[in-house]
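Trainee: Protein sequences, first through last, are from chains A and B.
Using UniProt numbering, the letters of the first sequence correspond one by one to residues 1 to 212.
Using UniProt numbering, the letters of the second sequence correspond one by one to residues 1 to 212.
I should point out that these hints are in silico values taken from the structure, not numbers from a laboratory.
Be a bit skeptical, because a hint or two may be false.
[Stated by the list, open to error] Now the in silico label distances, taken between C-beta atoms and shown as ranges: (1) A:W44 to B:E93: 34 to 40 Å; (2) B:E19 to A:A186: 17 to 23 Å; (3) B:P208 to A:G91: 42 to 48 Å; (4) B:A51 to A:E92: 54 to 60 Å; (5) A:G183 to B:A2: 34 to 40 Å; (6) A:A186 to B:W90: 27 to 33 Å; (7) B:A2 to A:P78: 57 to 63 Å; (8) B:S22 to A:A186: 19 to 25 Å; (9) B:G138 to A:P77: 51 to 57 Å.
Note that the structure is a prediction, hence the values are computed from the model and not measured.
For glycine and all other residues, C-beta sits at the position ideal for the given N, C-alpha and C.
Protein chains: 2
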Amino acid sequence: MATRIHNFSISLDGFGSGEPQSFETPFGHAGQRLHAWMMATRMWDPVHGSAGMDDAFAQQHDPGIGAEIMGAHKFGPPGWQDDPDWRGWWGEEPPFRTPVFVLTHHAREPLAVGATTFHFLTATPQEALRLATEAAGGQDVRIGGGATVVRDFVAAGLVDHIHLVQVPIVLGRGTQLWDGLEGLEASYDVEVTASPSGVTHLVFSRKPSVTS
Amino acid sequence: MATRIHNFSISLDGFGSGEPQSFETPFGHAGQRLHAWMMATRMWDPVHGSAGMDDAFAQQHDPGIGAEIMGAHKFGPPGWQDDPDWRGWWGEEPPFRTPVFVLTHHAREPLAVGATTFHFLTATPQEALRLATEAAGGQDVRIGGGATVVRDFVAAGLVDHIHLVQVPIVLGRGTQLWDGLEGLEASYDVEVTASPSGVTHLVFSRKPSVTS
Ligand SMILES: NC(=O)c1ccc[n+]([C@@H]2O[C@H](COP(=O)([O-])OP(=O)(O)OC[C@H]3O[C@@H](n4cnc5c(N)ncnc54)[C@H](OP(=O)(O)O)[C@@H]3O)[C@@H](O)[C@H]2O)c1
Ligand SMILES: NC(=O)c1ccc[n+]([C@@H]2O[C@H](COP(=O)([O-])OP(=O)(O)OC[C@H]3O[C@@H](n4cnc5c(N)ncnc54)[C@H](OP(=O)(O)O)[C@@H]3O)[C@@H](O)[C@H]2O)c1
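Given the sequences, and given the hints that come with them, work out the whole structure.
Mentor: So this is what it looks like as structure tokens:
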């Protein structure tokens, strides 16, 4: 059972979201630029999307995943914690279809939406991963973002596989992925592949010899 | 006549040098990791170096260049300005072999070393580029770094061609390239190529339609 990150998109300067985040602008001034590459693939749009490298990477997002852990700011815009009716961005059939653990300092009762159940908790990364691993029933756990949560789990040495997608834009501000990750390369093999679409795929695979 | 940057090496998190810079550690804790890719090419080591993509990019550094502009911290370690005998890092035949303009708040008399003459000046990027362009005798001007000077010239809209080399390490601290460059992609076409060596070449070419 592994802990994996997929399709996490960053700007050249390492931002996983622009600012300010709001209901109207979930990614702040980044708009859809961080994810346009994914929306252009078959994974997102089976009819008009492209096959090829971006699609192959994008499609790794779901298979073998039994639970996701996400941050409070992925689940909703600032202020969602004060709205008892907020059910996430994803409508009545969220694409997760597994238990999802939402890290937040404003925990509430579990929420079932379609085939997904959201659990809200205040916990260390280690505790959250233990609960998610239990819930995953023998499958892998995905760390779903945003940058703050990715950074915390990677810094804690809990992540086996990290797929980042570097988009050739300079955002200048937002939530930063790299802070606190000095020396990351010591624990991972890194493979970098430039896609014909203009984005670059970076895959970090934990070195077999390193235990943490 | 164009203004160009070549072989400017950065970590995944955008640092062009580690810290602290000193006589013993010109690149701080980065050591030689930012430039190992270049030292492995024929451009650096004609006998044992590799040919191929990294060498092809590296070799673009000199042809057609008539002058370089560099920052005070590329010319010497902290404190060199107080040492009247400091002649740069490069021994008695520096590899530039053109006029080199060293931006510093501690100007001194020009210094000829081998086929290179160093000129020391306090000036705006625009003024420095005007002087270097004059001295380049119809050839191009290279902005030689470090990150502070690259950033200032790019932010001022003075650079036509930017070749960056992203090395798969996370430095965590040092001098940062991306600060202040938000929206850079609006003015440049970007081409990204991953090298079999593990580094990634990013080439920014100024869009023909953009004048600044
Ligand atoms: N680039 C991508 O591929 C990608 C992927 C997913 C999401 N996103 C975007 O990224 C942005 C969100 O990222 P972000 O970095 O701002 O925030 P985030 O990682 O989604 O959430 C961080 C927040 O989660 C809560 N939290 C985190 N760890 C916790 C813990 N151990 N215990 C309790 N609460 C904890 C805290 O919120 P509270 O204290 O307020 O509860 C914290 O401020 C959104 O714009 C989202 O759309 C981007
Ligand atoms: N990654 C690469 O490919 C690469 C390439 C070249 C160099 N480097 C490394 O980068 C590091 C140096 O980079 P850095 O960003 O710290 O410094 P830098 O860009 O070399 O120099 C910055 C300094 O130059 C002076 N300066 C800059 N603009 C000026 C202006 N308009 N007028 C007057 N003075 C001006 C100021 O120094 P004062 O006020 O002190 O005079 C300023 O602090 C070194 O470690 C070097 O070895 C890396």
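Trainee: Which of the numbered hints are not met once you compare them with the structure shown?
Mentor: Numbers 1 and 7, in rising order.
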